[in-house]
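Asks: Since the structure of chain B is provided, determine the placement of chain F on it from the hints.
Protein chains: 2
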Amino acid sequence: MPSNKTSSTIAAPTKFVQAGSERYAYRRFGSGTKLPLLCLQHFTGTLDNWDPAVTDSLAESTELILFDNAGVGRSSGAVPNTVAGMATHALAFLDGLGLTMCDVLGFSLGGMVAQQMALERPSIFRRMILVGTAPRGGEDIMHLDKPSLAKHLQNPALKGYAVLQKIFFAPAESSQAAGAAFVERLMRRSEDREPVSAPAVAQAQMAAFREWEQVSGERFSDLKKIRHPILVVQGVFDEMIPVSNSYWLSAHLPNAVLLTYPDSGHGSLFQFHDSFSRQATAFLASDSESAPY
Amino acid sequence: MPSNKTSSTIAAPTKFVQAGSERYAYRRFGSGTKLPLLCLQHFTGTLDNWDPAVTDSLAESTELILFDNAGVGRSSGAVPNTVAGMATHALAFLDGLGLTMCDVLGFSLGGMVAQQMALERPSIFRRMILVGTAPRGGEDIMHLDKPSLAKHLQNPALKGYAVLQKIFFAPAESSQAAGAAFVERLMRRSEDREPVSAPAVAQAQMAAFREWEQVSGERFSDLKKIRHPILVVQGVFDEMIPVSNSYWLSAHLPNAVLLTYPDSGHGSLFQFHDSFSRQATAFLASDSESAPY
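Chains B and F, in that order, give the protein sequences. For reference, each letter of the first sequence is one residue, going 1 to 293 in the numbering used here. For reference, each letter of the second sequence is one residue, going 1 to 293 in the numbering used here.
For reference, chain B alone in the conformation it holds in the complex (with noise of 0.2 Å):
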């Protein structure tokens, strides 16, 4: 059991595994009596990009495990340029912890390999949380370069964390404010934080964003394979991964409760941080077989 002083997401030291070729970083603290999740981040996030808010709430009932791939944050090795091989090194990960099954939490493209992971290795998850996600073939995953999204990331004066506040949050001045709250939030740990991530690692994630847009063979038919029992969550106003993406996971996906809130964007988790862990650990608490909770 973790002593108080590192259970939480400001204080966990980070933590280092040797899992084949490469040393992953990772943070672990909370407890429970399921098994512990497996917290998959998006796109250039590190272990420094998980809303307190959010994961000490689920941290109350459940032990969290934080997870830098490949070549992100203090993790050795290379960004792989494809969902797949960031799914490899995931797996070769909880090898390395020695875990065997655990719960997941994918946000965005975290959300993408914990889709990966299931199809590879089904045995690897009990209960599976996909948010701000999209399935391989979805539409409009991440394409910076639209205008709604390019005005925040080509604007000089906004910097660090600032940007998440725009391109996270909807424009309504409530999610604006959720959103600073955010990054107050996310700027509470002030030691042993890692390092922010370089260009290529941008460049290597966009490369795989664009190949699971890639449709290959009928459809959506890979996620009838992924039986699992999953939560999957966005906001309304999501305009980094539309909204829509999460209708085919829930539409396409055999055993999945979708949960959509409003006034929101890519980060509707973090925006309704306490309904958001009040529906996670109920999803998890449950040892149903079918996903509804």
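Some hints could be false.
Repeated chains share a single entry, so a pair holds when one copy, or any two copies, can fit it.
Derived lysine to aspartate or glutamate pairs resembling DMTMM-like cross-links, with alpha carbons at most 25 Å apart [said to hold, decoys possible]:
1. K15 / D287
2. K151 / D222
3. K34 / D274
4. K225 / E173
5. K224 / E173
Think of the hints as simulated: they come from the structure by calculation, not from any bench.
Replies: Only chain F this time, still in chain B's reference frame:
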């Protein structure tokens, strides 16, 4: 406080209230610390069409008011051929009971009536639950002549509630089994049952669906005016009112959470009655002005 004997879907006596020129039939049972929950019924449905597995669960923490609109069941008057006409009757009924504010659960046609009531008299509702329904200008609303529905509705071997099992549930064995259990539950009430709706009821309600499909002005613009906290629920395989209608509702209503269920059709709330009752109860328990719960 109702006694235990009458505090259930099966046992609650049918009551009547005179309001304006009509005498409306209703049942009232359960108790809670919040406002009563007005339950607005589906196409041709009467007081007897509420699933005890849902309404008895809700009644554990909420006072329920099941309502027969004009011309349905034992309510007097003619069935209006517009949703607006039905909303006028439902508001008159609440006036007759002396209720100035309540929560609402509108299922299918009932969800359209609830939207119209919220537009006409916003103060009448605190929180709203809209299940298996559609916005004005929605698509493919109750086209009973399409093959997937007509094959059941025109099958002479399917009598009484047996047709509901086919048209409210998905074709999968799991959903059909849930449908059979639903039909069994509907039959548990043995006394004080309602007359089955006559063809004239269906005819007027179908006219109301056709009118509701018409767009007036900018499509979905009315939804922006309904600012209540709303929970939208639908099954992803709904053939009677496709789930796309709930996508529109939740994306255009400014303050709505969407919950969709897998492996289920129009009767998703009955198929997943444990989950639906839990989610609806949690939603209604919230005092927030924001829908996420």
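Asks: List in ascending order the numbers of the hints, as given earlier, that are violated by the structure.
Replies: Violated: hints 1 and 2.
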